[in-house]
Amino acid sequence: MTNKELLQIIEQAARDKVTELDLSGKGLTTLPAEIGQLTNLQTLNLSDNQLSGLAVEFEQLTNLQTLDLSFNQLSSLPVEIGQLTNLQTLDLNFNQLSSLPVEIGQLTNLQTLDLNFNQLSSLPLEIGQLTKLQSLNLNNNQLSSLPGKIGQLIKLQSLNLKSNQLSSMPGEIGQLTKLQSLNLNNNQLSSLLGKIGQLTNLRFLDLSFNQLSSLPAEFGQLFKLQSLNLYHNQLSSLPAEFGQLCKLQSLHLGDNQLSSLPAEFGKLSNLQSLNLYNNQLSSLPAEFGQLSNLQSLNIYNNQLSSLPAEFGKLTNLQSLNIYNNQLSSLPAEFGQLTNLQSLHLSGNKVSSLPTEFGQLTNLQFLHLYNNQLSSLPREIRQLPNLKKLDIRRNPVPIPPEILGSKNFNEDPGDVNEILDFYFRVQDPTETEPFYEAKFLIVGEGAAGKTSLAKKIKDQTYKLQPEEKSTQGIEVIRWHFTLPNGKDFRVNIWDFGGQEIYHQTHQFFLSKRSLYALVADSRKENTDFYWWLKIVELLSDKSPVMIIKNEKQDCQCQVDGGQLRGEFDNLKEILATNLANNRGLPEIKQAIQLYISNLDHVSTPLPKLWVRVRNALENYSRNYISVEEYFILCRINNLTDRKDMLRLSSYLHDLGVCLHFQDDSTLKHYVILKPEWGTTAVYKVLDNQTVKQNLGCFTKDDLKDIWKSPEYADMGDELLQLMMRFKLCYEIPNRPNTYIAPQLLSIEKADYTWDDRHNLILRYTYTFMPKGILTRFIVETHPWIEQQKIVWKNGVVLNKDETRAEVIENYNQREIKIRVAGNRKKELMAVITHELEKIHNSYERLQYQTLVPCNCKNCEGSGTPHLYYMDVLYRFRYARQYEIQCQKSFQMVDVRKLIDDVMFQSIKADGEFNPQVAQLQSELEQEKNESLTHRLRDSEQKEKDIMNSQSAMEFEKEIFISYAWSGESEQFVNQLDETLQAKGIKIIRDKRDLGYKGLIKAFMERIGRGKCVIAVISDKYLKSPNCMFELVQIAKNGKFYDRIFPIVLVDAQIYKPIARLKYIKHWEDEIKQLDEGMKEVGAANLQGFREEIDQYTEIRNAIAELTNLLKDMNALTPDIHSKSEFEELLEAIVHRLNE
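Here full-length UniProt numbering is used: the first residue of the sequence shown is 1, the next is one more, and so on.
Worth flagging that the hints you see were computed from the coordinates, not collected in a lab. Just so you know, these numbers come straight off a predicted model, no measurement behind them. Think of the CB as a built atom: it goes at the ideal place given N, C-alpha and C, for glycine as much as any other residue. Incorrect hints may appear among the rest.
Said to hold, decoys possible - Under the rule of at most 30 Å between Cα atoms (straight-line distance), these lysine-lysine pairs were calculated in the DSSO-like manner:
1. K155 <-> K132
2. K673 <-> K703
3. K1022 <-> K1038
Unchecked claim - Computed Cβ-Cβ distance ranges for the label pairs, DEER-style:
4. Y751 <-> N857: 24 to 30 Å
5. S1123 <-> T29: 37 to 43 Å
6. T1116 <-> S168: 53 to 59 Å
7. S1123 <-> S965: 23 to 29 Å
8. S965 <-> D22: 25 to 31 Å
9. L189 <-> S664: 55 to 61 Å
10. N822 <-> G171: 55 to 61 Å
11. G148 <-> P308: 46 to 52 Å
12. N581 <-> I631: 18 to 24 Å
13. I1119 <-> D22: 25 to 31 Å
14. W530 <-> R477: 26 to 32 Å
15. S664 <-> T338: 46 to 52 Å
16. P384 <-> S664: 35 to 41 Å
17. D22 <-> S259: 55 to 61 Å
Could you build all of it, start to finish, from the sequences and the hints given here?
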């Protein structure tokens, strides 16, 4: 608003003698003297401007009762503020005030004073003159003390002092006898005065995030207290008087040091919500059962070994989280908790559930992950409302494919399928034990692995003087008879030991297997630690044996004691001379013992599954189409498609066959002989021409390498298998030309680097598996600088005038990263994201992230002090914002150390950084473009399998994305009716998703849609589901072409300050979720990490998306309605015909 426009408004208001004036969000930097003419004003709103000061004439507004100056840039208030003696409400939130004038005390009629998010370090004594004040908000300032005069605010009902630096409270606080709400969250209080007991009208008290080690006995005098938050203190006990808080409804005692609860605790009979997690409780008093109104109880991460029988008296309990304790059983009285809806018992030692469990008929969510359950009571089928059952990581006879994803952050399998399978296999007439397993032989080249495999199968096998080295992997079938007379089928995987294979073998090392590490006694070149560690990382600690191949009876020394001390899955160390079979019987006996005792072995499976497995065994072919597999299943009476896919997944996991169900090309085939596929892959890596070309090959090369008839017409699938294992990538702009990065030159590329103002990060590994960097190269290959600056141990990426150097030093077990350029924070975020994805593919990979010091001595130094990132996070979590450099001994800002290498959505100067989400999306799109080209031929096969009519219909689908209820719903209903009358159907979730439809899949479908009408409202921009859809639309490219926005009035996207509020909304959502996640053990965050990633993606994209939307002429809803959406329809028809 210009000054001229403002003067016109003021003049008009003066003539009209207005009593209310709203000048919010006008971009005002100053106020003219004429403002003093508005002497009739009672309410003035000046929020969301850029005012740094107030005109002296402000003192003339003596009738003013309400003044809103929030969200400005005021650093001080004029003394004339004291003339506004009729003021009742003063809002100064979100300014830059460092002090208040003493004249503030003249505002004796003031009832509400808001000073949140300023920089106040003290309050004037005159604050005590505001004797009519009822509400005082001072959160997020820098107050270290309060004046005693605050006790004169005798009418004060609400006092908010959250996030200051208070170490004590004045005794006069006890004079605030009308106080009902007191928030002292996130201060530095180590004790409380007994006078706090005088606040007898207090109903809400928040003391979380302080340093309290005890509570005074007078605490029990707060008889009217209804909500008490003491989270994250240092309390080791509670006073007996605590039981006098008889009106308490909500109590938060999480993250303290409580080892017991007083018997008086049972007197809190009105308690409805209780948090006791992250303490040291080993038992609960019997009186706990008196909390008869309790509805929610969180008592996880303690040391409870049992629950009292009285626990069953908590009959109103609806949610119980008691995971990560030491419970071995539950009392029979547990069945009395008939209102329970959610029960989380994961991470205990429960071996059985009481039959009374069947009485919990309202139970909807039951988490029993990581216990010792080997059976389930039949009564569990009496729970009609059960929606989720998680019994993963229990010794129950159910295949993992049915129990659910191996990623425990994802939801478990379908509850009905889990229970149906379990009780089906309890019927011995419907099941059959499954006697088959995988035995993997690993070790260095020429150690004797192939000879051992052949000797196991046939001990009369005659050793060859020069046994041919295994090329890649060879699979041998061996059978033996169990003591019960049953035949046991063993798939022996003989792994080639050459160095070239070490990093690729890891893709075939599987769980639920037995391993043997063969060591050649003569060469003494076996790296026992490396092999045992890689097996531990990739096989979920499957049992392993060391076989000492003592050729010519040359003894082999192995420090078994040390190795067993570090690797508890090391079962045997045996010796053999394969030339005369010495020790071979003992080796075969050990193999039979350990392989027949693997968890999955003898697990009863449906007979139809076993029948199909036996039928597959009779095939001599290397692979069959998935349609042939389905036919085979139906022939053997396995008719449920889900069961068919579940079985192929189970056999895939056991290494019996390969079926990549989530791969767009490979899902169409079941590879019956995995060695057929792996041998084909290794033929490329072993090819001399490919090696001489430093890993470069073309499709024509592959035709020659795979010219054998067994690979006929399967070139695309085999190439995709290599892609699947991140073994190669297609060079951008060079169609049909590929690079296998593990064959790149070991010589560092020649390039220059500007080391000024770099972002630097380093990863160090306790144990470093091979291939991390080559996989990273594959994942980021579209950005390789000139597609030339890459070598086996390093790569330089270049994107948007920003460069990144990533180098692996395998001998030092480290990866170094440095980034320079305009978008270095964003590029660093993408790099760390890609590396984290690789890290997460390993079980229990131990590594540290190191950040260089930024003090004056270290900055720019070649050898700065390095901080562990997890230590920095712990400092920040504990609100310790400084840490000492161990080289200069200077104190350094912890938050800046983190921010230097981790992305922030807003820079210090208030400008927006380009969005990391967009950069990540660009990388994925560029990789997908490469994938699209690679699979050009196989797309025809996909089209043959897909229904062409449905594919065509998808091209014509029109989706609508909107927030349910309110104006959005009414508008969408009108739009829907209008379009249907014209014979046009729009796809909307409420109608087309269907009962139990997968919401996320539907949202992703919207994100891929060719035409998406987006009805943008305030609710839409704050909705996780709506924003997920909007981000998906953007991520899938051509955002401007595919989206047709309609912006409702309440969507504040046209004002910069309003768009900032949406960013702040998502930052607050992330902060709340992040804080909540910190209160929960890492093993129990199923689904939450994915959710916080989704929120972060939204936060990172919302600025750019709203900026794009505001620049589109979306027309108003009224214009659309009156024209019966004519212009919208024309635009959509044009798009569909493109």
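**Item:** Contradicted hints - numbers only
**Value:** 12
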